[in-house]
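**Q** Sequence:
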Amino acid sequence: MTVDETDTTVGDWEREPDPSDSLRTFGAVVQALREHAGITREEFGARVRYSKHTVASVELGRRMPDPAFVERAEELLGNTGALRKAARHLTRSEPGLAVWFRRWARLERAAVSLCTYECRLVPGLLQSEGYMRVLCDDDIPPMTDNDVETTVRARLERQLLLVERPHTIFDFIVEEAVFARCLGGLGVTRELLDHVLSSIARRNVVLQVMPMQSEHHACMAGPIQLLEAADGQRRAYVEGQESGRLIADRKEVGKLSLRYARLRSQALSPKDSLGLLERMRGGL
Numbered sequence: 006m007t008v009d010e011t012d013t014t015v016g017d018w019e020r021e022p023d024p025s026d027s028l029r030t031f032g033a034v035v036q037a038l039r040e041h042a043g044i045t046r047e048e049f050g051a052r053v054r055y056s057k058h059t060v061a062s063v064e065l066g067r068r069m070p071d072p073a074f075v076e077r078a079e080e081l082l083g084n085t086g087a088l089r090k091a092a093r094h095l096t097r098s099e100p101g102l103a104v105w106f107r108r109w110a111r112l113e114r115a116a117v118s119l120c121t122y123e124c125r126l127v128p129g130l131l132q133s134e135g136y137m138r139v140l141c142d143d144d145i146p147p148m149t150d151n152d153v154e155t156t157v158r159a160r161l162e163r164q165l166l167l168v169e170r171p172h173t174i175f176d177f178i179v180e181e182a183v184f185a186r187c188l189g190g191l192g193v194t195r196e197l198l199d200h201v202l203s204s205i206a207r208r209n210v211v212l213q214v215m216p217m218q219s220e221h222h223a224c225m226a227g228p229i230q231l232l233e234a235a236d237g238q239r240r241a242y243v244e245g246q247e248s249g250r251l252i253a254d255r256k257e258v259g260k261l262s263l264r265y266a267r268l269r270s271q272a273l274s275p276k277d278s279l280g281l282l283e284r285m286r287g288g289l
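Residue 214 in our numbering sits at position 209 of the sequence shown, with consecutive numbering throughout.
Don't read these hints as lab results, they were simulated from the structure. All the pointers check out, no bait thrown in.
Ranges between beta-carbon positions, derived for each pair:
no.	residue 1	residue 2	range
1	37	270	49 to 57 Å
2	93	203	36 to 44 Å
3	284	29	46 to 54 Å
4	185	267	17 to 25 Å
Straight-line distance between alpha carbons at most 16 Å, and here's what the computed EDC-like set of lysine to aspartate or glutamate pairs gives:
no.	residue 1	residue 2
5	57	40
6	276	176
7	57	47
8	260	233
9	90	71
10	256	233
11	90	76
12	276	181
Note that CB positions come from ideal geometry on N, CA and C, so glycine has one too.
Between the sequences and the hints, there should be enough to build the whole structure, so can you do that?
**A** Now the structure itself:
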């Protein structure tokens with residue numbers, strides 16, 4: 006019997022730089038089942054054909070188990086299906102993205118349409134790097150230099166969706182006050198508006214501005230994000246301070262979709278929104 010992995014092997018199954026909660030939970034379940042069966046790590050490793058060091062790394066949430074490990078462990082530990090099912094929910098940690106946002110970020114990558122309403126700040130997919138850094142600098146408690154760089158890098162990488170998924174529709178409604186706030190000063194705002202104008206020049210990106218003077222507003226309850234997956238399923242996401250909620254309930258998603266649709270009719274048209282942003286940029 007051979008051992009497939011050793012503690013010196015790196016590559017696709019290398020140690021996670023920042024273990025996720027799902028990895029830690031999966032590892033704890035493996036360890037509990039192994040101990041309940043009265044099997045040592047060394048014995049377990051020999052029987053699933055992985056080193057005891059790799060077994061330890063999985064149990065401690067430091068490694069993403071590959072399909073072969075999951076299957077062999079499942080068969081050895083009772084074949085109940087528990088490990089197979091748990092493995093479907095394993096996720097890698099994604100430094101730079103808030104913990105509560107990571108599931109939504111993963112859904113974004115496969116969406117066929119994404120709709121976003123924001124009243125607090127420019128949506129992350131449209132932020133310029135300078136604007137990102139101001140948000141990080143203003144965060145409380147203060148971020149470390151390393152945290153700032155990690156956050157900026159993650160947001161810039163996420164923006165690649167606009168380029169890499171040209172067939173995905175990205176629809177935005179943003180309050181005029183967000184652009185008028187001049188966060189970070191004139192220089193940052195000029196860069197921001199230039200970046201936004203460049204982003205919405207793409208065929209798959211549409212931006213509507215909700216004017217500050219409006220008699221009606223369908224989304225006074227706060228920001229909304231909506232997406233449609235390739236299989237037709239729709240999801241919603243709402244976010245507050247230090248929290249976010251992914252919504253799958255059809256009735257609730259439908260209600261938020263109706264609000265977004267009504268707000269779209271109340272906002273400026275894409276053409277008028279473009280003209281407003283160009284005038285704002287020219288006035289700086």
